[in-house]
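Based on the hints, put chain B in the right spot on chain A.
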Amino acid sequence: MILFELFIGFLKVGCFAFGGAYGAIPLIRDVVLSYGWLDDEMLTYMIAVSESTPGPIMVNMATYVGSSQAGFLGSLVATLAVVLPSFIIILLVTAILKAVLKNPYVRAVLRGLKPCMIGIILATGVYMIIRNGIVIQDSVLLVRPLILTLVLGAIYFGSGKTKKSGVSPILLICLSALAGIAAYGF
Amino acid sequence: MNLLLNLFLTFAKIGLFTFGGGYAMIPLIEKICVEKKQWITQDEMMNITVIAESTPGPIAINCATFVGFKKKKFLGALIATVGMVLPSFCIIFAISKLLDHFLEITWIAHAFQGIKIAVGILILDAAIKMLQKMQKKPMPKVFMLCAFAAMLLINIFSVRISSIILMLTAGLISLILFMVKKPAVKGGDGK
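Residue numbers (numbering that gives the first Met the number 0), protein chains in the order written: chain A, 0 to 185; chain B, 0 to 190.
Since the hints were derived computationally from the structure, they do not count as laboratory data.
Any given hint could be a false lead.
Label pairs and their in silico Cβ distance ranges [claimed, not checked]:
(1) 105(A) to 104(B): 47 to 55 Å
(2) 93(B) to 35(A): 19 to 27 Å
(3) 72(B) to 99(A): 15 to 23 Å
Chain B stretches covered by chain A per the calculated footprint, using a threshold of three residues with CB under 8 Å from any CB of chain A [as the list claims (entries may be wrong)]:
(4) 4-17
(5) 106-116
Idealized CB from N, CA, C, for every residue including glycine.
If we strip away everything but chain A, and leave its shape as in the complex, we get (with noise of 0.2 Å):
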């Protein structure tokens, strides 16, 4: 049953995930917290681990979540489940359906989808750094979250306008492991 549900759920992050790597994260946080396989936390660590090893982001976190639930084969099939809607969808386009992607109402659909897609990712992002930077606890504000978030927005912000000498993201996730260690001691 587990093995089935994972399947279900990973194919419909295959199904909707534009926008490439980005594109799959509120969609997979969607999934795995209705279904109650990872919490917040949990899941928020291993998009991490999926930015720092190689491969498509969202073909590690199938990997993940399918094994954290149901072992060896649950990371098949979950894996299987996220990669098969891309590799029809090709097959079908490179092979028969060309002309479907330039089919006006096809067009019209996906003007409408791609817009949405970016504000639900740039929902999800504000969304996750105001979870994490603002924790109250005992109704008093804690400072180390807030200063970690105002640390690192600045140096991966900051950074970013002089574009080649930019921090990259393995980079960033770096030196936040590092700011973790230091805000909170070794």
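Structure of chain B alone, referenced to chain A:
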């Protein structure tokens, strides 16, 4: 070398050495498949990028499937795609067995306190980059802002509405608007 084996090894190499996924992978795929192996032309590479943008799924998978299919039909597509996925599958599977134990170590748990903030920043950055590439017209802006507001509210109040519903609704509204507009234009031509 056997072409199938070559496809498999080449895409396994791409899968092993591309971090971050998505558009970060395009330059490497282009360099290997267009310049070095000459499996596809520059034009075809452009085409596949456009197709990948309008279809769901990781762009690297789309490229692997496309190149594999072009060289060796279905079997080629299958082999190239499996090659692309296999390295990260093995790595992540190994990590998944260890991560829970890792997090019990204090300093690693502390490191993740910083990392989880970095993840939010990276997602925000990806969204900002997509925003900059979005058409500067009122329609996409309205769609984007509505989806943003809806998704933020869904998150804050933990409502169980899937983002898939939001996307389908946006696609449907866009289609209806297009169909309403089209006859109106035709009618205008008639006069």
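Going through the hints against the structure:
no., hint, verdict
1, 105(A) to 104(B): 47 to 55 Å, "holds, 50 Å"
2, 93(B) to 35(A): 19 to 27 Å, "holds, 25 Å"
3, 72(B) to 99(A): 15 to 23 Å, "holds, 20 Å"
4, 4-17, "holds (count 4)"
5, 106-116, "holds (count 9)"
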